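A.B. asks: Protein chains in written order, with the UniProt record's numbering: chain A, 1 to 337; chain B, 1 to 337.
It cannot be assumed that every hint is accurate.
[What the hints assert, rightly or not] FRET-style restraints, in silico, Cβ to Cβ:
{"hint": "1", "chain 1": "A", "residue 1": "Ser300", "chain 2": "B", "residue 2": "Gly217", "range": "58 to 64 Å"}
{"hint": "2", "chain 1": "B", "residue 1": "Arg291", "chain 2": "A", "residue 2": "Glu256", "range": "37 to 43 Å"}
{"hint": "3", "chain 1": "A", "residue 1": "Glu211", "chain 2": "B", "residue 2": "Thr56", "range": "22 to 28 Å"}
{"hint": "4", "chain 1": "B", "residue 1": "Gly214", "chain 2": "A", "residue 2": "Pro144", "range": "44 to 50 Å"}
{"hint": "5", "chain 1": "A", "residue 1": "Asp322", "chain 2": "B", "residue 2": "Pro257", "range": "34 to 40 Å"}
{"hint": "6", "chain 1": "A", "residue 1": "Pro144", "chain 2": "B", "residue 2": "Asp284", "range": "22 to 28 Å"}
{"hint": "7", "chain 1": "A", "residue 1": "Glu211", "chain 2": "B", "residue 2": "Thr41", "range": "48 to 54 Å"}
{"hint": "8", "chain 1": "B", "residue 1": "Pro287", "chain 2": "A", "residue 2": "Ala208", "range": "43 to 49 Å"}
{"hint": "9", "chain 1": "B", "residue 1": "Arg203", "chain 2": "A", "residue 2": "Pro33", "range": "46 to 52 Å"}
{"hint": "10", "chain 1": "B", "residue 1": "Pro287", "chain 2": "A", "residue 2": "Glu211", "range": "41 to 47 Å"}
{"hint": "11", "chain 1": "A", "residue 1": "Arg303", "chain 2": "B", "residue 2": "Thr15", "range": "55 to 61 Å"}
{"hint": "12", "chain 1": "A", "residue 1": "Ala107", "chain 2": "B", "residue 2": "Arg298", "range": "55 to 61 Å"}
{"hint": "13", "chain 1": "A", "residue 1": "Arg286", "chain 2": "B", "residue 2": "Arg203", "range": "34 to 40 Å"}
{"hint": "14", "chain 1": "A", "residue 1": "Ala208", "chain 2": "B", "residue 2": "Ala299", "range": "56 to 62 Å"}
[To be verified] If you want the footprint, here are the derived chain A segments under chain B, 3+ residues with CB under 8 Å:
{"hint": "15", "segment": "178-190"}
{"hint": "16", "segment": "275-285"}
[As the list claims (entries may be wrong)] The following residues of chain B were derived to be distant from chain A, with all beta-carbon distances above 10 Å:
{"hint": "17", "residue": "Val26"}
{"hint": "18", "residue": "Pro86"}
{"hint": "19", "residue": "Pro104"}
{"hint": "20", "residue": "Glu231"}
{"hint": "21", "residue": "Trp296"}
It should be emphasised that the hints constitute simulated quantities derived from the structure, not laboratory data.
These figures come from a predicted structure and were not determined experimentally.
Cβ atoms here follow ideal geometry from the backbone N, Cα and C, with glycine treated the same way.
Protein chains: 2
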Amino acid sequence: MKGREWHLRRRPSGTPTASDVALVEVTVPEPGPGEVLVRNTAMSVEPYMRGRMSETRSYADAYPLDAPMTGHAVGRVLASGPDGPPVGSWVRHELGWRELAVVPGAAVDVVDVEGVDPAAFLGVLGLTGLTAYVGLRRIAALRPGETLFVSAAAGAVGSTAGQIAKAQGCIVVGSAGSPEKVARLTEDLGFDAAFDHRAGPAREQLAAALERAGTDGIDVYFDNVGGEQLEAAVRRMREGGRLTLCGAIATYNATEPVPGPRNLLLMIWRRLRMEGFLVGDHEDLRPDFERDMRAWLRASVVRPLETRVSGGIEAAWPAFLDMLAGGSVGKSIVDLT
Amino acid sequence: MKGREWHLRRRPSGTPTASDVALVEVTVPEPGPGEVLVRNTAMSVEPYMRGRMSETRSYADAYPLDAPMTGHAVGRVLASGPDGPPVGSWVRHELGWRELAVVPGAAVDVVDVEGVDPAAFLGVLGLTGLTAYVGLRRIAALRPGETLFVSAAAGAVGSTAGQIAKAQGCIVVGSAGSPEKVARLTEDLGFDAAFDHRAGPAREQLAAALERAGTDGIDVYFDNVGGEQLEAAVRRMREGGRLTLCGAIATYNATEPVPGPRNLLLMIWRRLRMEGFLVGDHEDLRPDFERDMRAWLRASVVRPLETRVSGGIEAAWPAFLDMLAGGSVGKSIVDLT
Chain A
1 MKGREWHLRR RPSGTPTASD VALVEVTVPE PGPGEVLVRN TAMSVEPYMR GRMSETRSYA
61 DAYPLDAPMT GHAVGRVLAS GPDGPPVGSW VRHELGWREL AVVPGAAVDV VDVEGVDPAA
121 FLGVLGLTGL TAYVGLRRIA ALRPGETLFV SAAAGAVGST AGQIAKAQGC IVVGSAGSPE
181 KVARLTEDLG FDAAFDHRAG PAREQLAAAL ERAGTDGIDV YFDNVGGEQL EAAVRRMREG
241 GRLTLCGAIA TYNATEPVPG PRNLLLMIWR RLRMEGFLVG DHEDLRPDFE RDMRAWLRAS
301 VVRPLETRVS GGIEAAWPAF LDMLAGGSVG KSIVDLT
Chain B
1 MKGREWHLRR RPSGTPTASD VALVEVTVPE PGPGEVLVRN TAMSVEPYMR GRMSETRSYA
61 DAYPLDAPMT GHAVGRVLAS GPDGPPVGSW VRHELGWREL AVVPGAAVDV VDVEGVDPAA
121 FLGVLGLTGL TAYVGLRRIA ALRPGETLFV SAAAGAVGST AGQIAKAQGC IVVGSAGSPE
181 KVARLTEDLG FDAAFDHRAG PAREQLAAAL ERAGTDGIDV YFDNVGGEQL EAAVRRMREG
241 GRLTLCGAIA TYNATEPVPG PRNLLLMIWR RLRMEGFLVG DHEDLRPDFE RDMRAWLRAS
301 VVRPLETRVS GGIEAAWPAF LDMLAGGSVG KSIVDLT
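Here chain A stands alone, though its shape is the one from the complex (with noise of 0.2 Å):
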């Protein structure tokens, strides 16, 4: 069988272009024993590939040059050995970026698609979902009430962890980077304030927003971004406050190291406490976690907040590239078929 896929040319300097990888037809050997061919269906594109088109030492290996990139997939079992799981079935898996996958068997997850759209394994009850759950559940240990203000609110992750807050009546403060994505924040995401952080300082628009959300300080910060403005949360965090650090948008292109908050003294002065997490070093939480993501999906408490991107495999990079300029809003997910 033939299928399509893309692989990393060259690593891209700054901004990726469509020059630095290829979209390639290969055949597709014949899975050997133990292992599971899958059609893909769905694939999602995230701005942690870009951290791994780098050389930079980062906690996920560099893609190699000249072979297909990987990232998350889900799709239907085509051919599978004895042990495998059933041909039909539906399996999330990490072989992206491609149409067909020979992927080993201990790596490929069925997944009980029952009520829910094959995709959201892709999304919010996937990593992305368990991402925000475990920045907020044990990073952070967020208790009702508390205020939020989350970075990338429009973001896959953001755009969660706002959700899940909301539902645990806290007061949510978002960032995102255009009046769209701005305008989803509070009207249909019930986000109780957002600002857009393109339209001025983040430390003003961030003192706006609180105020416009009733409250005047931060007791968590969910950081997506890094930058101006995990400064300009530092500067309103209350006493005892914790930041949370997921990512760091603001620096997976910079060709210049970017500084950091230059207010690091409030860090004593406020008792705050600031910690970096891996969402795989938190699997123990997924049952927990999958149980209670999908009553918030049947309660739309949590309603997904998703790119939908047809065209199949060719439409990939160029979803990936609008993704990372900031043109998608939620999880950005391509259909390959």
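Given the coordinates of chain A, work out where chain B should sit on it, guided by the hints.
C.D. replies: Just chain B now, kept in the frame of chain A:
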């Protein structure tokens, strides 16, 4: 009775100078009901006092102008009411910067000087020692065998923290501001390695010091300075490392904001936790601390590093300036008698 005291005359800009203060002779009033008259025998000069001379909002109030400054002192009771401590008792209180102090009874703390120099209650047996103890034990949760890096290690808190960690079987690396101080750390206090932060880029010197200590990464950074050394420490933290923010000497005299670490992305990749604290929130640890520290002092596991200044109250301001400029080692204590 007449006594002399140091008044703040104006708020220093950058490094304080002699014209910012005045030594004033005053008539000390009779102690009123519930008050205690104390002849101070020793006072400490400390970096945080620089912060209180500025108007900048801090965790502690700014010193008022044209009034005596405050700070830790020990002394003996000269006069006291029926419910107060007996005449002749040794007490610790916060009305330093003066020869005679009239202190509310509730604000004096009778100390047991059996077997110890009363001035120890300004240092290793006082808030200095408690700060090191709380920072390592509660904030960092330092474990035996881990590697500790402590900056301003020839300072009062840093020298105590390093010695406590050595007593727990840790590898300890410190930084200080002169070759003489560096020598004290490795030759007198048992540090595994130390470096002079003024001799070159912190990043390179820290790497070399870790190598000399036979280790390649840091589990706990006890930060007393901020700035460049904080960035260098973040770079060498091990997975799951903790950064305890205790002070930020690098920023106290700065007239421009000091940039934060440019490598906070490592906080995520390596799951680091950074936490600021103020010792006043952790008074509950004081009984454990006093028991442990008296034992460590008896066993010479902790040896107080002090700069003793004689010359009475007149010597207090020059001693403060010298401490701030890095001319002292360990706790700076001014003998007032």
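A.B. asks: Does each hint fit the structure? Answer for all of them.
C.D. replies: Going down the list of hints, with the structure as the test:
| no. | hint | verdict |
| --- | --- | --- |
| 1 | A/Ser300 x B/Gly217: 58 to 64 Å | violated, 47 Å |
| 2 | B/Arg291 x A/Glu256: 37 to 43 Å | violated, 51 Å |
| 3 | A/Glu211 x B/Thr56: 22 to 28 Å | holds, 23 Å |
| 4 | B/Gly214 x A/Pro144: 44 to 50 Å | holds, 49 Å |
| 5 | A/Asp322 x B/Pro257: 34 to 40 Å | holds, 36 Å |
| 6 | A/Pro144 x B/Asp284: 22 to 28 Å | holds, 27 Å |
| 7 | A/Glu211 x B/Thr41: 48 to 54 Å | holds, 52 Å |
| 8 | B/Pro287 x A/Ala208: 43 to 49 Å | holds, 47 Å |
| 9 | B/Arg203 x A/Pro33: 46 to 52 Å | holds, 50 Å |
| 10 | B/Pro287 x A/Glu211: 41 to 47 Å | holds, 44 Å |
| 11 | A/Arg303 x B/Thr15: 55 to 61 Å | holds, 57 Å |
| 12 | A/Ala107 x B/Arg298: 55 to 61 Å | holds, 59 Å |
| 13 | A/Arg286 x B/Arg203: 34 to 40 Å | holds, 39 Å |
| 14 | A/Ala208 x B/Ala299: 56 to 62 Å | holds, 58 Å |
| 15 | 178-190 | violated (count 0) |
| 16 | 275-285 | holds (count 5) |
| 17 | Val26 | holds, 32 Å |
| 18 | Pro86 | holds, 38 Å |
| 19 | Pro104 | holds, 26 Å |
| 20 | Glu231 | violated, 8 Å |
| 21 | Trp296 | holds, 26 Å |
In this structure, the earlier hints numbered 1, 2, 15 and 20 are contradicted, and the remaining ones agree with it.
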